[in-house]
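*Asks:* Single-letter residue listing:
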Amino acid sequence: MGSTVDLKRLTNTLALGALWLAALSTVAVLGTLILYVVVKGVGALSLEFIFTAPHGVRAEGGIGPTIVATVYVTGLAMLIVTPVAVLAAVYLAEYATQGRLVRAIRFAADSLASVPSIVMGLFGFALFVEAMHLGFSMLSAALALSFLMLPIVMRTTEEAIRAVPKYIRWGSYGLGATKWQTVRRTVLPAATPRIITGVILATGRAVGETAVVIYTMGTSINLPVSPLDSGRSMTTHLYILATEGINLQTAYGTALLLMVMILSFNLAARLIVRKNRRIQG
Amino acid sequence: MMDFAPALADSSAQQTKIRVRDLDFYYDGFHALTEITVDVHSNAVTAFIGPSGCGKSTFLRCFNRMNDLIPGTRVKGTVLLDGADVYAPGVDPVDLRRRVGMIFQQPNPFPMSIYDNVAYGPRLHGMKRKSQLDEVVRESLERANLWKEVKDILGRNGLSLSGGQQQRLCIARVLAVQPEVLLMDEPCSAIDPTSVQKIEDLMAELKDGYTIIIVTHNMQQAARVSDYTAFFLQEEAGAAARLVEFDKTGNLFTSPKDKRTEDYITGRFG
Ligand SMILES: Nc1ncnc2c1ncn2[C@@H]1O[C@H](COP(=O)(O)OP(=O)(O)O)[C@@H](O)[C@H]1O
Ligand SMILES: [Mg+2]
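The listed protein sequences correspond, in order, to chains A and B.
For the first sequence, my numbering assigns the number 1185 to the initial residue and increments by one for each residue that follows.
For the second sequence, my numbering assigns the number 4 to the initial residue and increments by one for each residue that follows.
Hint data in this document are derived by calculation from the structure and do not stem from the laboratory.
There's no promise every hint is true.
As the list claims (entries may be wrong) - With a Cα cut of at most 30 Å, we get these calculated DSSO-like pairs of lysine-lysine: (1) A:K1363 <-> B:K133; (2) A:K1459 <-> B:K151; (3) A:K1363 <-> A:K1350; (4) A:K1459 <-> B:K154; (5) B:K151 <-> B:K133; (6) B:K154 <-> B:K131; (7) A:K1459 <-> A:K1350; (8) B:K210 <-> B:K260; (9) B:K154 <-> B:K210; (10) B:K262 <-> B:K79; (11) B:K210 <-> B:K251; (12) A:K1363 <-> B:K151; (13) B:K151 <-> B:K262; (14) B:K251 <-> B:K131; (15) B:K154 <-> B:K133; (16) A:K1363 <-> B:K251; (17) B:K79 <-> B:K260; (18) B:K79 <-> A:K1350; (19) B:K251 <-> B:K262; (20) A:K1363 <-> A:K1459; (21) A:K1350 <-> B:K131.
Using the sequences provided together with the hints, build the complete structure.
*Replies:* Here it is, written out as structure tokens:
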């Protein structure tokens, strides 16, 4: 009798320990990774690193143009994808008769999200760079990236819209608002914080994207000005430096900056969610 | 046949704002209301009472066609507002809802500033001038007994107010579109006593200019605030609810004609 109780207690303790270890390992992996990149990369960081262009065969100096190219292309992609994704989500959540067609669209969006990014890169190359004659450019890359971001923004927006309580909509209808007025003046503003969160998460995803941009914006180190200029993203720069073993110090510095950017995106998304929860609660 | 006489109690003296005849209501397969006939008087407060689930909210939503928003619902019979059928083809429910405003059980301010909440309706209907909007916002908040509490914080989010203040904000929001009828669905069931008092006060102040219908599960409240009372009852589970008795509030509470009304108001069931 006593021994079964002991056994039960032991199993319980073991199970708890396993769960705890599993949870801890997630944090440990992230922590080790960050620590590693910081240790290897922090020596490279300086104002010069951020603001000047690379020079010489060993790509000494800074990575300025690649930062500009990365910000440029993700900003452009964000501008392209947000209105399209939001309109599509409004249609799906508010207007479409829920049935086969809507399920098909949703399935298509989910499938789009699971297309390997290298495939998306090749597709972007064929469609935008070649067929549409946009060349290796910020625009080609932004369009290809927007395909990648579209399903994320669309699904989070759709969920955000569905999460707006029915009684808030009824308040608007009750004042003599039409459906469109209700959507535009009540539902969308109420859903905005969550929509922004979705856009930020998708943007963070795009900042870290490599395969898509290699095939669509090129690899030459330019300071892009017009949307039709080519350029090299931070990820591409990192990839080239690392695979060719040219300058690992700079590669780690670039990696560190990338991680800082992406982590701050995630942090911003969390802050918006939390702030919003406080207002609604 | 139903006996119409009690449902048309003493309508000679006062004007009828809403005339309901033989109304039946269905949710998909569920027959919720049957053979409802009643006259609602203007410049008076009419209370709907009855056990929970007997269709009071459903009936209320027939007056501004809010049930149209629920898929699969169906109405039979007529609802006449100033003599015109609100379910006639060609009637736009959007226009109807401007005339027939609604306050919900759950205070539902929009997640925007107090000012924007009240200005929402007027803006929908084309009011743009700041001075005009300021005026409407102040007047509506005053009539909703909320102005004194919020006049210095009009820019604050409506959701930051207490539940009772939120409910009065919702009342101000409805008053701002100048409806003729106010439908109030258990407006006091989720709020603090001070706000309940203020809402009961404002109903008394408003009834000269409006036709007010209030659903309440609180019989003391019905007795306090209303001039007429309608008692609804669903006699057995799954059956459609009926209007059992309709009379001046004083009569209904002191000398109910129907045994079921008497049982209900003396607390024998529900
Ligand atoms: N959207 C709906 N779909 C189906 N049945 C509903 C819906 N809303 C209410 N009902 C049903 O209609 C009946 C009346 O509900 P309701 O009007 O809310 O009653 P009350 O307001 O008197 O409590 C109840 O049996 C309820 O379950
Ligand atoms: Mg109800």
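*Asks:* Each of the hints needs a verdict: does it hold here or not?
*Replies:* Outcome of the hint check:
Under the criterion of a C-alpha separation no larger than 30 Å, the hint pairing A:K1363 with B:K133 is consistent with the structure, at around 25 Å. With a C-alpha separation of about 29 Å, the suggested pair A:K1459 and B:K151 falls inside the 30 Å cut-off, and the hint holds. With a C-alpha separation of about 13 Å, the suggested pair A:K1363 and A:K1350 falls inside the 30 Å cut-off, and the hint holds. The suggested pairing of A:K1459 with B:K154 holds, with an alpha-carbon distance near 25 Å, which does not exceed 30 Å.
For the suggested pair B:K151 and B:K133, the alpha carbons sit about 21 Å apart, so the restraint of at most 30 Å is met. Simply put, B:K154 and B:K131 have alpha-carbon atoms about 21 Å apart, close enough for the 30 Å limit, and the pair holds. A C-alpha spacing of about 22 Å is found between A:K1459 and A:K1350, which places the hinted pair at or below 30 Å, so the restraint holds. Of the supplied pair hints, the one linking B:K210 and B:K260 holds, its CA atoms being roughly 27 Å apart against a limit of 30 Å.
Under the criterion of a C-alpha separation no larger than 30 Å, the hint pairing B:K154 with B:K210 is consistent with the structure, at around 25 Å. Between the alpha carbons of B:K262 and B:K79 the distance comes to roughly 28 Å, so the proposed pair stays at or under 30 Å and holds. The suggested pairing of B:K210 with B:K251 holds, with an alpha-carbon distance near 16 Å, which does not exceed 30 Å. With a CA separation close to 34 Å, the supplied pair A:K1363 and B:K151 exceeds the 30 Å bound.
Taking the CA atoms of B:K151 and B:K262, the gap is about 46 Å. The hint is violated against a cut of 30 Å. With a C-alpha separation of about 43 Å, the suggested pair B:K251 and B:K131 falls outside the 30 Å cut-off, and the hint is violated. As the CA atoms of B:K154 and B:K133 are separated by approximately 16 Å, the hinted pair is consistent with the 30 Å bound. For the hint pairing A:K1363 with B:K251, the CA-to-CA distance comes to about 39 Å; that exceeds 30 Å, so the pair is violated.
For a cut-off of 30 Å, the pair hint linking B:K79 to B:K260 stands: about 28 Å separates their Cα positions. For the suggested pair B:K79 and A:K1350, the alpha carbons sit about 26 Å apart, so the restraint of at most 30 Å is met. A distance of roughly 17 Å separates the Cα atoms of B:K251 and B:K262; the hinted pair therefore holds under the 30 Å criterion. This hinted pair checks out: A:K1363 and A:K1459 have alpha carbons roughly 29 Å apart, not beyond 30 Å.
Restraint check for A:K1350 and B:K131: the C-alpha separation of about 28 Å stays at or below 30 Å, so the hint holds.
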